[in-house]
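Input sequences plus hints: build the corresponding full structure.
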Amino acid sequence: MHKRSLSKKLVAASLATLSIAASQAAMAARDHISIVGSSTVYPFTTTVAERFSRATQFKTPVVESTGTGGGMKLFCQGVGENTADITGASRRIKQSELDMCNGNGVDVVEVQVGYDGIVLANARTAEPFQLSRKDIFLALAKEVPNPDGSESLVPNPYKTWKDVNPALPAHRIEVLGPPPTSGTRDAFAELALEGGCKQYDWIAARKKEDKNAYKAICHNMREDGAYIEAGENDNLIVNKLVANPNALGIFGFSFLDQNSDKVQGSLIEGKAPTFDSIADQSYPVSRPLFIYVKRAHAKVIPGMKQFLAEFTSERAWGEDGYLADKGMIPLPAAKRRQVVADVRKLNALTNLAAKQ
Amino acid sequence: MTDLTQQQVRERIERRLASRHLKEKIFRGLGIASIAFGVLAVAILFADIIAKGSGAFVQSDIQLEITYDPAVLGIEQVDQESLTWANFTGVIREALRERFPDVSGRAEKRELYSLVSTGAPFALRDRLAADPELLGQTEKVWLTADDDVDTFVKSLSDSRNGFRGRTSDRMAGWIDQLLVAGELKKRFNSNFFTNGDSREPEQAGIRAALVGSLFTLLVTLMLSFPIGVAAAIYLEEYAPRNRWTDLIEVNINNLAAVPSIVFGLLGLAIFINFFEMPRSAPLVGGLVLTLMTLPTIIISSRASLKAVPPSIREAAMGMGASRMQVVFHHVLPLAMPGMLTGAIIGMAQALGETAPLLMIGMVAFIVDVPHGITDPATVLPVQIFLWADSPERAFVERTSAAIMVLLSVLIAMNASAVWLRKKLERRW
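First to last, the sequence lines map onto chains G and P. Just so you know, our numbering puts 9 at position 9 of the first sequence, and the rest follows in order with no gaps. Just so you know, our numbering puts 353 at position 353 of the second sequence, and the rest follows in order with no gaps.
It is possible that some hints are incorrect.
For the chain G half of the interface with chain P, some residues (derived, Cβ under 8 angstroms), not all of them [unchecked claim]:
1) His32
2) Pro43
3) Thr47
4) Ala49
5) Val62
6) Glu64
7) Lys240
8) Asn351
Pairwise CB distance ranges (calculated) [as the list claims (entries may be wrong)]:
9) Leu407(P) to Gly103(G): 46 to 52 angstroms
10) Asn242(P) to Ala213(G): 51 to 57 angstroms
11) Asp31(G) to Leu407(P): 32 to 38 angstroms
12) Gly103(G) to Phe328(P): 54 to 60 angstroms
13) Pro132(P) to Asn102(G): 31 to 37 angstroms
14) Leu218(P) to Arg172(G): 54 to 60 angstroms
15) Ala269(P) to Pro180(G): 39 to 45 angstroms
16) Asp169(P) to Lys335(G): 34 to 40 angstroms
17) Thr125(G) to Leu45(P): 34 to 40 angstroms
18) Gln281(G) to Glu200(P): 27 to 33 angstroms
19) Asp169(P) to Glu127(G): 22 to 28 angstroms
20) Leu218(P) to Lys335(G): 45 to 51 angstroms
21) Gly231(G) to Arg127(P): 42 to 48 angstroms
Since the hints were made in silico from the structure, they are not lab data. Backbone N, C-alpha and C fix where the C-beta goes; we use that ideal spot for every residue, glycine too.
Next comes the structure, spelled out in structure tokens:
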């Protein structure tokens with residue numbers, strides 16, 4: 001008898017605690033903006049979030065760094081207090097993600113906020129490199145087209161830059177870069193490696209037959225020591241480049257900007273990575289940064305409109321704005337004006353092709 | 001015959017005595033060596049963290065002569081509305097230009113303006129809000145310096161790790177002038193203890209993370225201790241020994257070894273997606289950590305219940321006590337010190353967790369200090385992780401300083417566990 005009543009009490013007590021906790025949670029209305037998404041956009045959204053809350057009476061938005069894909073999953077879950085209001089993305093939303101969003105009743109407003117460049121840099125004490133994307137692909141891919149010209153793949157045979165392209169120096173290929181978990185590495189593989197890879201028509205043709213095989217050819221980095229994973233810390237890569245003038249390093253443009261006394265960016269397709277060449281997109285390894293806004297939340301969550309206004313204000317994303325200080329490359333002035341007008345209207349994105 | 005054998009035995013023992021003593025010495029020496037190794041490792045860790053982190057407790061300030069000029073501020077009177085839009089940045093820039101009148105050119109001015117923290121205008125706003133009389137007046141104010149300036153100033157006194165970084169020769173010259181004039185001073189960095197996170201290192205603090213940790217642990221303790229102790233008492237004192245209880249025991253031991261990220265996934269699925277609790281809340285964090293610490297508490301509670309001699313139970317039964325009276329009047333008080341120790345160790349473990357919190361949104365940028373268990377919050381180890389990942393140089397010392405705070409909390413918790421055990425322990 002005792003046994004049973006005691007255990008019953010315990011079960012009842014723990015259930016009561018849980019249900020009290022749950023009902024408390026349900027009652028609390030959300031009064032802050034919730035932002036998820038890319039770790040590349042994170043430094044910029046957090047900066048805006050902080051300034052926004054200081055300048056206004058609103059609570060500081062909560063910014064989670066979940067990665068672009070993870071952010072999209074959380075964002076597209078549905079409409080309601082427990083879902084994110086905004087997600088940051090270091091690439092454009094995919095059609096599949098947009099379909100998932102729309103399927104869950106989420107109307108998405110696209111806001112392009114700026115650009116981010118990825119650089120291949122070496123120490124200032126060495127000669128600057130002049131590379132094409134094809135050179136980068138041949139030097140760093142795991143498998144490359146057979147040098148004899150046949151349409152087959154061989155494990156990367158190139159030892160020095162001169163082997164890849166006779167115009168390049170005879171240094172051993174040695175590139176320091178981020179590990180596979182990094183978004184910078186993904187973007188570099190997509191923009192630089194794939195950019196060179198698809199110049200081979202027979203590889204590009206495979207994209208239609210087998211997308212995964214194509215991706216494996218174009219995105220896989222070599223693992224024989226020519227590409228060295230140097231961790232996520234870009235500062236560390238900069239220091240290693242200074243110590244080893246023959247090595248190249250891969251990192252975000254903002255780190256080049258802040259260490260321009262120590263390292264220099266390689267020219268890619270004849271273009272040096274500068275503020276201007278990334279902004280006008282002539283530098284090929286640059287990607288647009290976006291935030292995606294849930295239209296249904298814009299009117300419900302306090303401060304959403306003001307937050308968007310702050311993000312798209314000249315003092316934030318302008319050429320001399322505080323985001324440029326943090327390393328974001330601003331959009332051209334005309335494009336900025338157009339985005340501001342679009343954001344005011346909060347037009348939902350329905351078809352990716354419609355607005356490029 | 002017997003004497004002879006004794007004699008022989010004695011000889012044999014004496015022959016082996018030296019080598020036995022030697023072995024004893026070697027064994028003791030190894031013990032001391034391993035302890036010394038451990039102490040050395042801890043000493044190096046502490047020395048490194050303290051050397052790196054102590055700088056974070058001071059922060060450079062710049063003294064400027066600020067004129068609250070209504071024309072520059074763009075306001076006519078001081079009220080809520082005008083304070084929001086007043087141009088305090090302009091006032092600071094004006095003061096900087098007056099201090100260094102020979103600065104000209106856009107690039108040079110930009111460098112000059114970057115001497116003062118971007119948080120400084122808000123400090124001025126608060127001053128003016130507190131004392132509206134200041135409008136139109138001039139006063140000398142100490143303003144927080146930018147993190148680049150702060151890093152540079154700190155590196156001046158440390159020739160080994162001297163770091164110029166983003167400070168140009170021109171800026172270094174201005175900083176020297178300010179230092180000579182006594183208009184740049186280091187003070188205790190109270191921001192570090194009163195602010196939440198910030199993108200600007202000079203304004204970043206651990207308050208929000210510390211309070212978040214406190215709320216999370218509170219929820220964890222309130223749930224895991226009663227549930228864990230109740231489960232332990234039932235399993236130890238009441239439950240029959242059969243296949244079911246064996247199964248439960250195996251599962252509890254298993255759960256204690258499950259990687260903590262799994263509990264995070266569970267929390268995401270149950271508490272956030274099913275019960276629709278808010279993301280990033282200490283409530284959910286506490287619930288997830290409860291799941292994680294429960295096995296620890298149950299196992300240690302059962303061990304301390306087992307350690308109570310059966311004679312106590314039998315004596316109480318013999319006096320006619322019911323089983324519940326036996327447990328609550330005799331066994332539980334004797335087992336409590338061990339249970340508390342287990343609970344505190346479980347809590348200390350929970351305090352250091354980051355992985356399960358990732359899934360439930362507590363790895364986040366939190367500026368506002370949370371006021372309840374449903375406010376968005378983060379915890380100390382997450383704050384350390386986020387700062388360690390930041391590019392700004394000044395975050396390096398703040399990371400170490402936050403580690404120092406976390407370690408002191410942990411040491412306090414573990415010391416209290418030892419103290420409780422000493423104080424309440426009964427020996428038989």
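Here is what the structure says about each hint:
no.	hint	in the structure
1	His32	holds (6 angstroms)
2	Pro43	holds (7 angstroms)
3	Thr47	holds (5 angstroms)
4	Ala49	holds (7 angstroms)
5	Val62	holds (4 angstroms)
6	Glu64	holds (4 angstroms)
7	Lys240	violated (16 angstroms)
8	Asn351	violated (30 angstroms)
9	Leu407(P) to Gly103(G): 46 to 52 angstroms	holds (48 angstroms)
10	Asn242(P) to Ala213(G): 51 to 57 angstroms	holds (56 angstroms)
11	Asp31(G) to Leu407(P): 32 to 38 angstroms	holds (35 angstroms)
12	Gly103(G) to Phe328(P): 54 to 60 angstroms	holds (56 angstroms)
13	Pro132(P) to Asn102(G): 31 to 37 angstroms	violated (52 angstroms)
14	Leu218(P) to Arg172(G): 54 to 60 angstroms	holds (57 angstroms)
15	Ala269(P) to Pro180(G): 39 to 45 angstroms	violated (27 angstroms)
16	Asp169(P) to Lys335(G): 34 to 40 angstroms	holds (37 angstroms)
17	Thr125(G) to Leu45(P): 34 to 40 angstroms	holds (36 angstroms)
18	Gln281(G) to Glu200(P): 27 to 33 angstroms	holds (30 angstroms)
19	Asp169(P) to Glu127(G): 22 to 28 angstroms	holds (26 angstroms)
20	Leu218(P) to Lys335(G): 45 to 51 angstroms	holds (49 angstroms)
21	Gly231(G) to Arg127(P): 42 to 48 angstroms	holds (44 angstroms)
The structure shown violates the earlier hints numbered 7, 8, 13, 15.
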